[in-house]
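Going line by line, the protein sequences match chains A and B. Just so we're aligned: 104 in my numbering is position 104 of the first sequence, and the numbers increase by one with no gaps anywhere. Just so we're aligned: 194 in my numbering is position 194 of the second sequence, and the numbers increase by one with no gaps anywhere.
To be clear, the hints were calculated from the coordinates, so they are not data collected in a lab. All C-beta atoms in this analysis are idealised placements derived from N, C-alpha and C, irrespective of residue type, glycine included. Some clues are possibly wrong.
Below, simulated DSBU-like cross-link-like pairs (lysine-lysine); rule was C-alpha separation at most 35 Å, straight line [as the list claims (entries may be wrong)]:
hint, chain 1, residue 1, chain 2, residue 2
1, A, Lys-189, B, Lys-258
2, A, Lys-99, B, Lys-258
3, A, Lys-288, B, Lys-189
4, B, Lys-189, A, Lys-189
5, A, Lys-292, B, Lys-189
6, B, Lys-189, A, Lys-242
7, A, Lys-99, B, Lys-189
8, B, Lys-343, A, Lys-99
9, A, Lys-99, A, Lys-242
10, A, Lys-292, B, Lys-346
Per the computed footprint, the stretches of chain B lying under chain A, defined by three or more beta-carbons under 8 Å from a beta-carbon of chain A, are [claimed, not checked]:
hint, region
11, 107–119
12, 214–222
13, 232–244
14, 263–271
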Amino acid sequence: MITKSTGYTIFQIINYIILSLVTFLFLFPYLHMLAVALTSGDSEVVFLIPNGVTLANFGTIFQDPTLLNSAFVTVSRVIAGTLIAFVVQFLAAYAFTRKNMPGRTQLLLFLTLPMFLSAGLVPSFILMAILDLNNTFWVYILPTCFSMYNMIIIRTYIEGLPQSLTESARVDGASELRVLWSIVLPLSKPIIATICLWLAVGHWNDWVTTLYYASANTDLHTLQYRMYLSLNEANRIQELIKAAAESNSGDLESLENQLNQLKAGTLVAAQLIVTTLPIICVYPFVQKYFVKGVMIGSVKG
Amino acid sequence: MELNNNTTENIIEETVDTSIESATDISVVDDFKPISDGPVEKKRLHPFVYFLQQHGVFYLFMLPALLAVFVFSYLPLPGLIFAFKEYSMGDNPNFLMALFQNDKTVYWVGLEKIRELFANPTVVEAILNTLVINGLSLLIEFPMPIILALLLNEVQSMWFKKVAQTISYLPHFLSMASVLVIVMKLFSKDGIINDFMVMLDPSYVGTSILADETMFIPNYMMITVWKGVGWGSIIYLATLSGVSASLYEAAAIDGANKFQQMLHVTLPALASTISLLLILKMGSLLGSNFELVQGLSNPANPYMVISTYVYNQGLQGDNVPGATAVGFVQGIVSLILVSAANKFSKWLSGTAIW
Chain A
1 MITKSTGYTI
11 FQIINYIILS
21 LVTFLFLFPY
31 LHMLAVALTS
41 GDSEVVFLIP
51 NGVTLANFGT
61 IFQDPTLLNS
71 AFVTVSRVIA
81 GTLIAFVVQF
91 LAAYAFTRKN
101 MPGRTQLLLF
111 LTLPMFLSAG
121 LVPSFILMAI
131 LDLNNTFWVY
141 ILPTCFSMYN
151 MIIIRTYIEG
161 LPQSLTESAR
171 VDGASELRVL
181 WSIVLPLSKP
191 IIATICLWLA
201 VGHWNDWVTT
211 LYYASANTDL
221 HTLQYRMYLS
231 LNEANRIQEL
241 IKAAAESNSG
251 DLESLENQLN
261 QLKAGTLVAA
271 QLIVTTLPII
281 CVYPFVQKYF
291 VKGVMIGSVK
301 G
Chain B
1 MELNNNTTEN
11 IIEETVDTSI
21 ESATDISVVD
31 DFKPISDGPV
41 EKKRLHPFVY
51 FLQQHGVFYL
61 FMLPALLAVF
71 VFSYLPLPGL
81 IFAFKEYSMG
91 DNPNFLMALF
101 QNDKTVYWVG
111 LEKIRELFAN
121 PTVVEAILNT
131 LVINGLSLLI
141 EFPMPIILAL
151 LLNEVQSMWF
161 KKVAQTISYL
171 PHFLSMASVL
181 VIVMKLFSKD
191 GIINDFMVML
201 DPSYVGTSIL
211 ADETMFIPNY
221 MMITVWKGVG
231 WGSIIYLATL
241 SGVSASLYEA
251 AAIDGANKFQ
261 QMLHVTLPAL
271 ASTISLLLIL
281 KMGSLLGSNF
291 ELVQGLSNPA
301 NPYMVISTYV
311 YNQGLQGDNV
321 PGATAVGFVQ
331 GIVSLILVSA
341 ANKFSKWLSG
351 TAIW
């Protein structure tokens, strides 16, 4: 029996208070941005309640055709990247569940070694340049389509499935493809969900690939990369204003407007909400799949 | 051909698999010699055909992964040659040519580039910065998920625990770029943090916190903790939920109070998980959070670590040899660190990655 002392009760109360505060700290910055995004440009301090809710900021950012293009690129790479990577990883994982294949250990070693030996960024960049993948859509999809970590997780899961099912199907004359399609895949739904969600979130959130390999092609900028660009946006617009002032072009006024709106942060906040809301809305419902993946991964190391 | 072993296994009825038809097309049927002690009606296959039937489709399944790894993990390795060459992208934009070229513009310099690195104050500073950041994050960032897990573990209300956990995952699902946009807004001169400070002390003058050089490391730590603590606690909480309640009861009967129980039951239960994660962390002592440093440093507050140096020199600037050399050295040192940490952990607790 665990007896509850007064000291422990006090600890419990303090614990709840601390955890409530911490939870608030996790939530607050995002809610603050949401409030800013819903506020019209020229109002004072916003804490959590926007003064005068308006969707005007969202209207403004969606007038920008490049934003729609970025959204399209992002969604395309999430779909294509997730599908391709999943097929590659799942097929490999399934193949590696066969214990008696000649050369299995060597092939596994071949796949594992790069986890410890990597050439680094510059050689990768050089390879992309040689393969002519820089500034193409495929640079988002192909280099990351295999992940040893994911493969181990999938393999562990498949190995846990009852062997008798696949064996009996083989005895009944099913081809390997059929066994995979009709027996293994349906039984692997939980792990498929886990891996696909992982891949999708990874693709959605990735911006470094754009920075490294596709920053020169503005048609390929993703929503997240625009977030990174907006970090330096104020500097960029100030430079544009300087250039416009020197050349006396008519853009000056609109640029200054942009800068003012930028300073208020409402447009960036609106972009941030557009960029993150899909994931924020979905993650509470799918997090159990993510957690499951972390578990399997940790057991297997 | 050794057919003596497994002769009976090598015999497969034609009806079993339709793919046999295509397999027999290969002109190995000539080798077919019936062996008297086998069943006469059954057709025997060439070992290679049999091999393909047994395993071929599985090699096919592996092929995309093997290809991807070969192309994107092994093919970059020859690029390391540039760490030992004098080379400028401006003169020779064709990398493939330059790899094999050896003339006036591209020539071997041996270990010269690596020696230059350690004479270059920028590189030395980047290495030191990386070590400082990783050392501090080992002290500050690493224990945080453990503390959070211990606190959450004491919560009795299941719904509170669930809600708190779910919310603590939120920052994990935001990209670093998004997090930095939030940070920029919060920390800017007219951001909420400065407003809050002014509220507390009206004489306070708002500053841009991100431009303050002394604030770079505190900002860095705060962001990594905020982003990773909730997610990092998952693994510890899972371990804790596996600790048998009888251990706590036994400790309580022996007169241990809650704190002593935590010290003698909970923490030992976490020991192997902690040491495993420490190994992984050790291996990346020279690695650095590129996304965060790249996004957090700005013209007013430039901060360089190894990875941002490599990016700025190799991809932004025209110093392919220098950047490759840094990456090369980093890779070697990391490999040594991981294996050393692994050995150490094996010796200490019997837990190891391999």
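Here is what the structure says about each hint:
no.: 1; hint: Lys-189(A) - Lys-258(B); verdict: violated (42 Å)
no.: 2; hint: Lys-99(A) - Lys-258(B); verdict: violated (48 Å)
no.: 3; hint: Lys-288(A) - Lys-189(B); verdict: violated (39 Å)
no.: 4; hint: Lys-189(B) - Lys-189(A); verdict: violated (49 Å)
no.: 5; hint: Lys-292(A) - Lys-189(B); verdict: violated (42 Å)
no.: 6; hint: Lys-189(B) - Lys-242(A); verdict: holds (23 Å)
no.: 7; hint: Lys-99(A) - Lys-189(B); verdict: violated (61 Å)
no.: 8; hint: Lys-343(B) - Lys-99(A); verdict: holds (28 Å)
no.: 9; hint: Lys-99(A) - Lys-242(A); verdict: violated (67 Å)
no.: 10; hint: Lys-292(A) - Lys-346(B); verdict: holds (27 Å)
no.: 11; hint: 107–119; verdict: violated (count 0)
no.: 12; hint: 214–222; verdict: violated (count 0)
no.: 13; hint: 232–244; verdict: holds (count 3)
no.: 14; hint: 263–271; verdict: violated (count 0)
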